[in-house]
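K.L.:
Sequence:
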Amino acid sequence: MEGIVQTINVSATLRSMKVGATVFFNTDQVNENTLRHTCTRMKNEEGGFWTVDKSRIGYTVTRKA
30 MEGIVQTINV
40 SATLRSMKVG
50 ATVFFNTDQV
60 NENTLRHTCT
70 RMKNEEGGFW
80 TVDKSRIGYT
90 VTRKA
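Residue numbers for the sequence shown, in my numbering: 30 to 94.
Hints may be right or wrong, so weigh each one.
[Said to hold, decoys possible] Result set (DSSO-like, lysine-lysine): computed pairs, CA atoms no more than 30 angstroms apart in a straight line:
| # | residue 1 | residue 2 |
| --- | --- | --- |
| 1 | Lys93 | Lys47 |
| 2 | Lys83 | Lys93 |
| 3 | Lys72 | Lys47 |
| 4 | Lys83 | Lys47 |
Just so you know, these hints were derived from the structure itself, not from any lab. This one's a predicted model, so the numbers in the text were calculated from it and none came from an experiment.
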């Protein structure tokens with residue numbers, strides 16, 4: 030699953046990612062705090078691990094585990 034996300038359901042998007050997949054969120058689609066909080070919450074609940082890299086135009090989320 031790579032590419033630009035067309036939905037704002039962050040939890041569903043992160044949950045559907047496979048290990049090693051990368052997704053780009055535009056800054057107009059999602060707030061940085063919402064994205065980082067969702068990654069942390071899902072890490073604690075489901076045991077996955079996501080990293081968030083910030084750029085000028087958006088956020089790149091990569092699933093590591």
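K.L.:
Run every hint past the structure and note whether it holds.
P.N.:
Verification of the supplied hints:
{"no.": "1", "hint": "Lys93 <-> Lys47", "in the structure": "holds (9 angstroms)"}
{"no.": "2", "hint": "Lys83 <-> Lys93", "in the structure": "holds (16 angstroms)"}
{"no.": "3", "hint": "Lys72 <-> Lys47", "in the structure": "holds (14 angstroms)"}
{"no.": "4", "hint": "Lys83 <-> Lys47", "in the structure": "holds (21 angstroms)"}
When held up to the earlier numbered hints, the structure conflicts with none and fits them all.
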